[in-house]
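Sequence order for the protein chains is W and G.
Numbering (my numbering) for the first sequence: 1 to 111.
Numbering (my numbering) for the second sequence: 1 to 112.
Do not take every clue at face value.
[Said to hold, decoys possible] What the simulated footprint calls covered on chain W by chain G, stretch by stretch (three residues with Cβ under 8 Å from a Cβ of chain G suffice, anywhere in the stretch; the number is not a length):
(1) 41 to 52
(2) 98 to 105
[As the list claims (entries may be wrong)] Calculated lysine to aspartate or glutamate pairs in the EDC-like style (CA-CA distance at most 16 Å, straight line):
(3) W:K1 <-> G:E44
(4) W:K108 <-> W:D39
(5) W:K1 <-> G:E18
Keep in mind the hints are simulated off the structure, nothing from the lab.
Only a predicted model underlies this, so the values are computations on that prediction, with no experimental measurement involved.
We treat Cβ as the ideally placed atom computed from N, Cα and C, and that holds for glycine.
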Amino acid sequence: KQEVTQIPAALSVPEGENLVLNCSFTDSAIYNLQWFRQDPGKGLTSLLLIQSSQREQTSGRLNASLDKSSGRSTLYIAASQPGDSATYLCAVITGTYKYIFGTGTRLKVLA
Amino acid sequence: EPEVTQTPSHQVTQMGQEVILRCVPISNHLYFYWYRQILGQKVEFLVSFYNNEISEKSEIFDDQFSVERPDGSNFTLKIRSTKLEDSAMYFCASTATLDTQYFGPGTRLTVL
């Protein structure tokens, strides 16, 4: 059974710092991996989608990498800003095309 | 850009009542999903739907739940007799390509 874990569960950093969020999954047989942002009480905003044949994707200050063989993905946020404060979720798309979500990392960027 | 929409944004109901959560998927999509997120917990898969049939359902999706595509545009989730533990955010998603789903903004269900 696919399990997705995110470390750390919570993170507090000063503004301007570069940071790395980690996602690990137990079954490497995935189609894609997607990173989302969720603000408190709100919906899911897609940040980056990495297809299984890719190793990384970039969008602005965000860079996500994928190592399927080791069951790991990282989301790198450069020059963090207070507006980046949110919960970041990773999700893997499995063999039956459903998403399995991770536990999330709650990020707080201090001004 | 086309979006998945959900109504209502917030539904409050009494325990034991029936609720119907509505979703309008992106118009050319054929695969539809419901997920839920209990406050403070992870997003969990409930059910997938294709060609007017359930493709897969989770252990959560018991006989109290049902899904329907009553017309060409809506996709609904019905909970027959709500329990306190059904309180959660419910997300609808749709896709044309299976490998990427597009999520709606969610319906917050509060069961009193």
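Now for the hints, and whether the structure bears them out:
Interface restraint, the stretch 41 to 52 of chain W with chain G: holds (7 residues with C-beta to C-beta distance below 8 Å; minimum three). With a cut-off of 8 Å between beta carbons, the stretch 98 to 105 of chain W has 7 residues touching chain G; three or more are needed, and the interface restraint holds. Restraint check for K1 (chain W) and E44 (chain G): the C-alpha separation of about 14 Å stays at or below 16 Å, so the hint holds. Among the hinted pairs, K108 (chain W) with D39 (chain W) is consistent with the structure: their alpha-carbon atoms are about 11 Å apart, no more than 16 Å.
Between K1 (chain W) and E18 (chain G) the CA atoms are separated by roughly 32 Å; this puts the pair beyond 16 Å, and the hint is violated.
Of the numbered hints stated above, the single one contradicted by the structure is hint 5.
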